[in-house]
Amino acid sequence: MIETKGLTKRFGDLTAVDNLTLKVNAGEVFGFLGPNGAGKTTTVRMLCCLISKTSGEARIGDYDTGRSEDALKIRKLIGLVPDNVGLYDDLSAYDNLDFYGKLYGCTEAQRKENIQRFLTMLGLWEKRDAMAGTFSKGMKQKLAIARALIHEPELLFMDEPTANLDPESAKTVRDFILELKKEKRTIFLNTHNLDEAQRICDRIGILSTRLIATGTPQELEKALSSGGGTRRTVVLLQEQATDAILAGVRQLPAVGSVTTEGNKLEVALSDPDKQNAAVIEAIVKAGGHIQSVTIVSASLEDVYLKLVREGGGS
Amino acid sequence: MRLSQSWIIAAKDFKTLRKKKGIVYLVVFIPLSVAILIPAVIGFIGQGKSPAELVVLLPAFLFFYVILGSYLSTPIASYTIAGEKVEKSLEPLLATPTTDSEILLGKGIAAFLPPLAAVLGGSALFMLLMDLTTKGRLGYYYFPDWNSAIVILLLLPLALLMSVQMNVIMSSRVTDVRAGQQLGGLTVVPFIGVYVAGELNLINLGDTTNLAIIAGALVVVDVLLFFVSTAAFHREEILTKWK
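Here the protein sequences come in this chain order: A and B.
The numbering of the first sequence is the numbering used here, which starts it at 1 and goes up by one.
The numbering of the second sequence is the numbering used here, which starts it at 1001 and goes up by one.
It is worth saying that the hints were derived from the structure and are not from the lab.
Don't be surprised by glycine CBs; every beta carbon is placed ideally from N, CA and C.
It cannot be assumed that every hint is accurate.
[Said to hold, decoys possible] Label-pair ranges, simulated between beta-carbon atoms:
1. B:Lys-1021 / A:Glu-301: 48 to 56 Å
2. A:Glu-113 / B:His-1234: 29 to 37 Å
3. B:Met-1001 / A:Gln-110: 23 to 31 Å
4. A:Asp-129 / B:Phe-1226: 35 to 43 Å
5. B:Ser-1004 / A:Trp-125: 45 to 53 Å
6. A:Glu-261 / B:His-1234: 56 to 64 Å
7. A:Glu-168 / B:Met-1001: 42 to 50 Å
8. B:Leu-1032 / A:Thr-120: 42 to 50 Å
[Claimed, not checked] When the alpha-carbon atoms are kept at most 25 Å apart in a straight line, the in silico BS3-like pairs for lysine-lysine are as follows:
9. A:Lys-306 / A:Lys-222
10. B:Lys-1085 / A:Lys-137
11. A:Lys-127 / B:Lys-1021
12. A:Lys-112 / B:Lys-1019
13. B:Lys-1019 / A:Lys-137
14. A:Lys-127 / B:Lys-1019
15. B:Lys-1049 / A:Lys-137
Given these sequences and hints, build the entire structure.
Right, here's the structure in full:
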């Protein structure tokens, strides 16, 4: 559904997006993670034919974003929820959607049906005649999502849809995205909410001007874990960790690092499944009494922070 | 270019403009006030004016409607363009299957038609009342004549077009609607200059040649502004460079 090759955007001397090569399959929810200024919004704007690329290629379905004659076809195929909702405050919720429905060429019957359907799904049907300017931030965000869906696009771009929302509104929006996922829509989700990305997305791309990594959340965690040092064994002791225990564990050749906090001992190992026995033996030999042993894999947050720091430095 | 897309945008702007009471009052009230006040003043204090003086004054007064047209399109153009910028509603609009030219034309129609209709209505009333006021001294109905047709049907639309285009350019450079209105309001200055020159008898605004020269100058300015305003209203400029 989306394919880019070496997509690059420069604003003068500033490179906003550098050599982005990416593929998003139809029906997939793709999360685009990255810190502020990573180039996420610029990428979405290029893919939506809102701004031009400096070099490289980008295709949406069968269309080339670089061809002016394809731009209108692409924009008809997609829906956009921008980071600023940009509703018409002096128009009712219904009229906001009706206006966009007309611009997308929907018939009156289609507009009526879709407005009712999406406003009902998002819990706004009762408020259809209220001015958008009177809506709360969460309601406006939902209305902006309904607006992006009014013409039933195959591909939906969402730029930080839950940013600045209270937890309840954010949950409603996330649940709605999961509903859209069931309908097999392709969704390109810009976010820096890692938990959201992990829960919603089939695959994730991490961007820091350059694309640093792509994969499923599980693949990314596994990749970092197998990279060494970040899979940990957490040992809970019955007593405070003594110097003898720390020394006993540190002398093991497989141990990367050892940190301690009260009776908790965290040991970085390349392969905890095989090396835990030696760690346990060293603790017991040093006089320690073990309550529990747990293997902790790298979280998506670990992966994200590690990759962004490395990517930002390079 | 699809006129239907532009019309959808203009219709939306008409709908939102109707809720801006200040703009509605301004557009309706001023042309009507002028239509009633000037004939009343002429009827009341202009009794001493000779027919020769009246035939100089009347076309100059009519030219005042060109100033009005230019002035009245400013708040609407500022609201429809700078207003969208302030509300950050341009990005979703630009993401629809609509071209920059279609959006710009839609905005232009929204800023052009209401003041045009109001000024046409106001000027028709003005000419009627002025005829009733001056017939006794002139011995004939002065309006309408060919020159008033040139002023109302040619100069007025050209001046409105100039004002709308100036406002597009100004709106791309300002951060709020009020600043856009203040800067856009400067478009009336050259018309005020012509009007004052007419009142001072420095230029005869009842002369067809003079009106044709003004119309020609406006056509040139409008063509030049068309290129500048369409360049300013480019989606990449709007999203990355508009402040």
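Results of checking the hints against the structure:
In this structure the supplied range 48 to 56 Å holds for Lys-1021 (chain B) paired with Glu-301 (chain A), their Cβ-Cβ distance being about 52 Å. For the pair Glu-113 (chain A) and His-1234 (chain B), the supplied restraint of 29 to 37 Å holds, since their beta-carbon distance comes to about 35 Å. In this structure, Met-1001 (chain B) and Gln-110 (chain A) meet the distance hint of 23 to 31 Å, their C-beta atoms being roughly 24 Å apart. At roughly 40 Å, the beta-carbon separation of Asp-129 (chain A) and Phe-1226 (chain B) lies within the given 35 to 43 Å, and the hint holds.
Checked against the hint of 45 to 53 Å, the pair Ser-1004 (chain B) and Trp-125 (chain A) fails, with Cβ atoms roughly 29 Å apart. In this structure, Glu-261 (chain A) and His-1234 (chain B) meet the distance hint of 56 to 64 Å, their C-beta atoms being roughly 58 Å apart. In this structure the hint that Glu-168 (chain A) and Met-1001 (chain B) lie 42 to 50 Å apart at CB holds, the actual value being about 45 Å. For the pair Leu-1032 (chain B) and Thr-120 (chain A), the beta carbons lie near 46 Å from each other, so the given range of 42 to 50 Å is met.
For the hint pairing Lys-306 (chain A) with Lys-222 (chain A), the CA-to-CA distance comes to about 13 Å; that is within 25 Å, so the pair holds. For the hint pairing Lys-1085 (chain B) with Lys-137 (chain A), the CA-to-CA distance comes to about 19 Å; that is within 25 Å, so the pair holds. Taking the CA atoms of Lys-127 (chain A) and Lys-1021 (chain B), the gap is about 24 Å. The hint holds against a cut of 25 Å. Proposed proximity of Lys-112 (chain A) and Lys-1019 (chain B) is supported: the alpha carbons are some 24 Å apart, at most 25 Å.
For the proposed pair Lys-1019 (chain B) and Lys-137 (chain A), the alpha carbon gap of about 22 Å is at most 25 Å, so the pair holds. Between Lys-127 (chain A) and Lys-1019 (chain B), the direct Cα distance comes to roughly 19 Å. Compliance with the 25 Å bound is thereby established for this hinted pair. Of the supplied pair hints, the one linking Lys-1049 (chain B) and Lys-137 (chain A) is violated, its CA atoms being roughly 64 Å apart against a limit of 25 Å.
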